[in-house]
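**Q** These are the residues of each chain, in order.
There are 2 protein chains.
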Amino acid sequence: MCSHCSCGQPSRTLQLRHNLLERNDSNAELNRERFAAAGLLVLNVLSGPGAGKTALLERLARQWIHGPVGVIVGDLATDNDARRLRAAGARAIQIQTGDLCHLEASLVNRAFDQLDTGGMELLLIENVGNLVCPTAFDLGERQRLALLSVTEGEDKPLKYPALFQSADVVVINKVDLAEAVGFDRSQALANIAGVAPQARIFELSARTGAGMEPLLHWLSHQRQGAPV
Amino acid sequence: MCSHCSCGQPSRTLQLRHNLLERNDSNAELNRERFAAAGLLVLNVLSGPGAGKTALLERLARQWIHGPVGVIVGDLATDNDARRLRAAGARAIQIQTGDLCHLEASLVNRAFDQLDTGGMELLLIENVGNLVCPTAFDLGERQRLALLSVTEGEDKPLKYPALFQSADVVVINKVDLAEAVGFDRSQALANIAGVAPQARIFELSARTGAGMEPLLHWLSHQRQGAPV
Chain A
95 MCSHCSCGQP SRTLQLRHNL LERNDSNAEL NRERFAAAGL LVLNVLSGPG
145 AGKTALLERL ARQWIHGPVG VIVGDLATDN DARRLRAAGA RAIQIQTGDL
195 CHLEASLVNR AFDQLDTGGM ELLLIENVGN LVCPTAFDLG ERQRLALLSV
245 TEGEDKPLKY PALFQSADVV VINKVDLAEA VGFDRSQALA NIAGVAPQAR
295 IFELSARTGA GMEPLLHWLS HQRQGAPV
Chain B
95 MCSHCSCGQP SRTLQLRHNL LERNDSNAEL NRERFAAAGL LVLNVLSGPG
145 AGKTALLERL ARQWIHGPVG VIVGDLATDN DARRLRAAGA RAIQIQTGDL
195 CHLEASLVNR AFDQLDTGGM ELLLIENVGN LVCPTAFDLG ERQRLALLSV
245 TEGEDKPLKY PALFQSADVV VINKVDLAEA VGFDRSQALA NIAGVAPQAR
295 IFELSARTGA GMEPLLHWLS HQRQGAPV
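Same order as they appear, the protein sequences are chains A and B. With this note's numbering, the residue at position 39 of the first sequence is 133, and numbering never jumps. With this note's numbering, the residue at position 101 of the second sequence is 195, and numbering never jumps.
No false leads were mixed into what you were given.
Example chain A residues on the side facing chain B (calculated, C-beta under 7 angstroms, incomplete): (1) 253; (2) 255; (3) 274.
To be clear, the hints were calculated from the coordinates, so they are not data collected in a lab. Idealized CB from N, CA, C, for every residue including glycine.
Build out the structure end to end from the sequences listed, making use of the hints.
**A** Here is the structure:
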């Protein structure tokens with residue numbers, strides 16, 4: 095249960111939310127300055143539960159060649175994901191959000207204090223698995239990556255437009271299962287293009303590793319230290 | 095974005111939320127009375143996005159033999175699901191929640207006004223795809239069904255315990271993909287049993303139809319008109 099969803103008494107609720115988002119935005123700016131000072135490319139990774147965020151981040155941690163990969167990972171409960179990510183070689187800090195259905199900039203700030211960024215150029219923030227709540231919360235990232243799995247169906251961008259509209263990158267994951275689930279690729283691409291024409295699209299399988307190269311290549315070019 | 099998530103100023107936010115949940119609970123009681131008067135078995139169906147709620151409800155609508163199946167379906171945007179469900183023979187009413195990440199009893203009440211319940215014994219409420227927000231909102235249902243897909247991973251009950259703790263029934267869907275995704279069935283069953291020992295578990299594939307019979311049989315016995 096999310097003790098932070100308040101839908102009654104709209105004017106008071108909206109005012110509280112407005113204050114909350116303003117405070118989050120200034121904390122996000124502080125994060126952005128800290129990340130820039132540390133020379134980090136930072137991505138905020140969002141998806142529904144089970145779309146494969148952790149599997150993608152494990153892959154990136156294993157295949158990234160420009161130093162260690164940092165991960166700040168949020169879940170309501172458990173530290174399963176941080177343990178998985180450390181086993182893949184990432185420097186991972188787990189945030190347990192309790193009943194909060196998204197990360198906030200202040201939580202990321204505190205987790206960042208615990209991260210050893212020596213030699214690091216890439217920091218990935220794995221948000222809570224949710225296609226609604228995390229959308230409005232800037233964490234200070236440079237890029238926002240929305241992950242969609244072929245098993246979720248082609249119409250998720252239409253059903254959760256705000257998240258996809260806010261994404262710089264959309265990754266279609268689990269393409270190895272596309273045939274088994276009857277995934278309609280051109281419909282999915284058309285839905286993404288309709289809702290999020292700004293987004294760069296990558297298609298891959300984090301489980302098999304197919305299609306990882308173009309994403310790794312693009313990330314390499316986004317680093318602060320990358321040659322222009 | 096969910097304009098109803100307010101995380102700042104905890105005491106005021108919690109008070110607002112308390113009022114909201116109290117009001118929702120009394121609306122849910124009204125719904126429960128209306129559903130009982132209409133002789134309906136009502137299920138609230140919850141899962142993350144893309145776990146297969148609509149596919150399961152399409153199957154139930156096609157295979158249910160005790161009259162027409164009613165569906166009240168919530169999504170942030172689109173009426174795709176109601177159209178799919180009508181094509182499967184259900185009497186479906188779509189609720190578009192906008193930026194609200196869950197259904198509330200009052201929304202279900204208004205949708206129920208539009209539903210022709212003549213000859214109907216089974217009403218399914220398909221909640222917004224979200225493993226957090228819908229948990230605290232009673233809709234007046236008799237049973238709560240949580241859906242989990244093998245493609246989401248075995249640890250979702252541990253990561254989203256509140257939802258599974260509130261479930262009367264847990265359905266493991268997409269079992270036809272279990273081998274392809276390396277699903278660890280006994281780990282998943284142990285995780286469900288640990289978090290939600292009260293829940294009855296069904297394993298099926300809504301896409302292929304495998305495993306539907308035990309669920310249909312159980313639902314038949316839950317009807318108000320069922321022989322004791």
